[in-house]
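Protein chains in written order, with my numbering: chain L, 428 to 564; chain R, 3 to 649.
One should not assume that every hint holds.
[To be verified] Cβ-Cβ distance ranges computed for the label pairs, FRET-style:
1) Thr485(R) to Arg534(L): 41 to 47 Å
2) Gln533(R) to Gly465(L): 37 to 43 Å
3) Ile466(R) to Gly465(L): 18 to 24 Å
If you are wondering where the hints come from, they were derived from the structure by calculation, not from laboratory data.
Ideal Cβ placement from N, Cα and C applies to all residues, glycine included.
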Amino acid sequence: MVNANTQLAAQSSHPLVAIVDDEESVRAATDGLIRSIGYRAESFASAEAFLVAERLQEIRCLILDVKLGGMDGLALQERLAMDNLRIPIIFITAHWNEPMRARALRRGAVDFLRKPFSETALLKAIDSALQASPHQP
Amino acid sequence: MIKFDSLRWCRWRAGVRYPTAALSVAAAFILTWGLKQLFPATPNALYFCAIIFSAWLGGFGPGILATILTGAAVHFTPPASPPLLMPRYLVFLLVGVFISWLMERERRTQAALQHARLALETKVSERTGALQAANEQLKAEFAERAAVNQQLQESRRKLEEAQRIAHVGHWERDLETDLITCSDEIYRIFGLSPQERQLHFSEFLELIDAGDRARVAQSVAEALVNQRHYAVDCKIVRADGEIRFLHSQGEVIRDNLGRPLWALGTVQDITERQKFENTLRQSESQLRLVIDTIPTMAWIVLPDGALDFINRRWLEYAGLSLAEAIAKPTSTMHPEDLPSSMEKWGRSMAAGELFENEMRLRRADGEYRWFLVRTVPLFDEQGKILKWYGTSADIDDLKRAEAALRRAQGELARVSVLTMMGELAASIAHEVNQPLAAVVTNANASLRWLAALPPNLDEAREAIRRIVRDGDRASEVIARIRTLLKKGEPVRIPLKINEVIQETLALAQPELARRKVSLETELALTLPCIQGDRVQLQQVLLNLVINALDSLSAVADRPRILRIRTDQHEPKRVRVAVQDTGIGIDPAQADRLFQAFFTTKPHGLGMGLAISRSIVEAHGGRLWLTPNDGPGVTFQFALPVQNGDEP
Numbered sequence: 428m429v430n431a432n433t434q435l436a437a438q439s440s441h442p443l444v445a446i447v448d449d450e451e452s453v454r455a456a457t458d459g460l461i462r463s464i465g466y467r468a469e470s471f472a473s474a475e476a477f478l479v480a481e482r483l484q485e486i487r488c489l490i491l492d493v494k495l496g497g498m499d500g501l502a503l504q505e506r507l508a509m510d511n512l513r514i515p516i517i518f519i520t521a522h523w524n525e526p527m528r529a530r531a532l533r534r535g536a537v538d539f540l541r542k543p544f545s546e547t548a549l550l551k552a553i554d555s556a557l558q559a560s561p562h563q564p
Numbered sequence: 003m004i005k006f007d008s009l010r011w012c013r014w015r016a017g018v019r020y021p022t023a024a025l026s027v028a029a030a031f032i033l034t035w036g037l038k039q040l041f042p043a044t045p046n047a048l049y050f051c052a053i054i055f056s057a058w059l060g061g062f063g064p065g066i067l068a069t070i071l072t073g074a075a076v077h078f079t080p081p082a083s084p085p086l087l088m089p090r091y092l093v094f095l096l097v098g099v100f101i102s103w104l105m106e107r108e109r110r111t112q113a114a115l116q117h118a119r120l121a122l123e124t125k126v127s128e129r130t131g132a133l134q135a136a137n138e139q140l141k142a143e144f145a146e147r148a149a150v151n152q153q154l155q156e157s158r159r160k161l162e163e164a165q166r167i168a169h170v171g172h173w174e175r176d177l178e179t180d181l182i183t184c185s186d187e188i189y190r191i192f193g194l195s196p197q198e199r200q201l202h203f204s205e206f207l208e209l210i211d212a213g214d215r216a217r218v219a220q221s222v223a224e225a226l227v228n229q230r231h232y233a234v235d236c237k238i239v240r241a242d243g244e245i246r247f248l249h250s251q252g253e254v255i256r257d258n259l260g261r262p263l264w265a266l267g268t269v270q271d272i273t274e275r276q277k278f279e280n281t282l283r284q285s286e287s288q289l290r291l292v293i294d295t296i297p298t299m300a301w302i303v304l305p306d307g308a309l310d311f312i313n314r315r316w317l318e319y320a321g322l323s324l325a326e327a328i329a330k331p332t333s334t335m336h337p338e339d340l341p342s343s344m345e346k347w348g349r350s351m352a353a354g355e356l357f358e359n360e361m362r363l364r365r366a367d368g369e370y371r372w373f374l375v376r377t378v379p380l381f382d383e384q385g386k387i388l389k390w391y392g393t394s395a396d397i398d399d400l401k402r403a404e405a406a407l408r409r410a411q412g413e414l415a416r417v418s419v420l421t422m423m424g425e426l427a428a429s430i431a432h433e434v435n436q437p438l439a440a441v442v443t444n445a446n447a448s449l450r451w452l453a454a455l456p457p458n459l460d461e462a463r464e465a466i467r468r469i470v471r472d473g474d475r476a477s478e479v480i481a482r483i484r485t486l487l488k489k490g491e492p493v494r495i496p497l498k499i500n501e502v503i504q505e506t507l508a509l510a511q512p513e514l515a516r517r518k519v520s521l522e523t524e525l526a527l528t529l530p531c532i533q534g535d536r537v538q539l540q541q542v543l544l545n546l547v548i549n550a551l552d553s554l555s556a557v558a559d560r561p562r563i564l565r566i567r568t569d570q571h572e573p574k575r576v577r578v579a580v581q582d583t584g585i586g587i588d589p590a591q592a593d594r595l596f597q598a599f600f601t602t603k604p605h606g607l608g609m610g611l612a613i614s615r616s617i618v619e620a621h622g623g624r625l626w627l628t629p630n631d632g633p634g635v636t637f638q639f640a641l642p643v644q645n646g647d648e649p
């Protein structure tokens, strides 16, 4: 009960942010940053792993690497749209590609950030995402 | 024979003459007695016959005996005959004695005659024998002389022949008359008919070309005065205008007092030889000219190391006189090159093998230039070294050009690396940006952890640890790229080829991921080290990998696989194979693939494989291409293992 309450409280005041990046260093760093802000974070090494996440419904924001082994970021975006999972997505990439960015934003991405990104830019994007999130309390 | 018969006859007669006398008288008695029986008037004349016969046969003694016996017989004959009266008897005896004496005389005369005849016959036959022997001897001598004569003729003919062939004639000069007797060949040499006339010495001189005449005359005169032998060459112009060259030599024969008696000698027509010698001399001088003017220094060294010949070019280059060069042939060598060159030269001389070395030689103006020095031995039939022929070719310009080429190649190689880096730029950016992004993010996070109340030191420490880790990773990538772009002389060190491959793959890995190429490596676990330049070999590998990736990019219908294998190719070689399942290479283009500026890529420079091959070959290795059984190609290179490094 206590647990459930705590969890619920956590859920409301500490939104869950997911990170999908096959690059371990970026994944770990982003995970740490999210938590230092006070949000909860969950990291996945691939799109496939993300799709089978237990707490998929809880996720309020997805920080997604474009280039992934297997299903890539853009494909995952399409997949989530098809599944009607309206999770706000912040794309991050080390390969800057303008058409790709345009396409991602057209499909509703919150932002498209180039690695290395500034903290300000990321936090701003997360804020936007959380505001756009349908699960906002 | 005759002598022997007459002797026997005499002996026989001596033995029987007295009995014969007795028998003759007995026979006459019997005959006379018998006849007297028939014819009582038969005279006693038969007894005279017996006396004559006995005296004829036996001589005086038997004659007397026959006479006495006859007297006795008549005296004692039966009385049919009248008895002898003393006077008659005496007469008869005297007649008998006379007859005997006569017959004896006759017989002696006959015997003396016989004896004389016998002696004469003996003498005649003896003389005849002697004459016959003399005759035989004479005949033999004659035959011998005929043979000798023939031999003499033969040898004279041979001499003539030999003289004709050798163009040598002989002559004799009577110093009293100055007339010269010569063989046919001399006449022929001088363009005269053989033996047309006996020549006087002065005529001989006339036949010699005016230019040489005085000299020949002087030589001959000098020989007559104080020498025994002379030899002189001269020119003659024959009556028909033909010019011949002669070699004449002679000797003076003197008496006991040293007065010259005869001069004799030979004349040889040396025109052909002269011509040949002239040709030889000409070609020799031409050759000499060539040797002196070729842009190469040439010399000959004897097996003991002494200088036998040196061409003008050498002397001009070194600015030395012949004497100086001979005295110290190594004086022009650069002091740094001298010890190693001399040691190598010594080894070549000892082994009788070709010597080849690059060394610097000082020019007359003091500048050192690089030369390729080669020396080859000349052997006699027994395999003994007669001489060493050497040349020094100026390769200074070549050396400079080589160095310039090496520099240009180095530059080109760098350009090629830059091109490859351009191709890899996206991957490299990714490779650096990832850790960089992580660093920034971690730094921000750690600041927040520290700013929290209370500060979360554990989280902050963890974030900083990641910063360090990712920073290291980024700098590693940068260092790898910097090494590859670094300009520098190649450094040969012992290398493990597998390590070089791993380092290269680390650079290319992001690109492989980007292009969705799966990598398979089969690296042999125990390989000997190779001797090489790490960066250059990375460049080769990177080039081959990028080529493979480019080829694989066009493949959509099958797995994109890059396979890298290493193994021990031959006992002393390590092989690296870079195999792809890409679109492969048109066999028609395979040959040109390694040429500079040949490319199948739209934006390629066409230098990658050319440079890769030159790098591999500079390592003593080989780079080649084989098509796969399936799709794609395999580039392979084999490098020699480090000396003494066996697995």
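41 to 47 Å was suggested as the range; check whether the CB atoms of Thr485(R) and Arg534(L) agree with it.
43 Å, holds
Range first: 37 to 43 Å. Now tell me if the beta carbons of Gln533(R) and Gly465(L) are that far apart.
60 Å, violated
Beta-carbon spacing of Ile466(R) to Gly465(L) - inside the hinted bounds 18 to 24 Å or not:
Since Ile466(R) and Gly465(L) have Cβ atoms about 20 Å apart, the given range 18 to 24 Å holds.
In summary, the structure is inconsistent with hint 2 from the numbered list given earlier, while agreeing with all the others.
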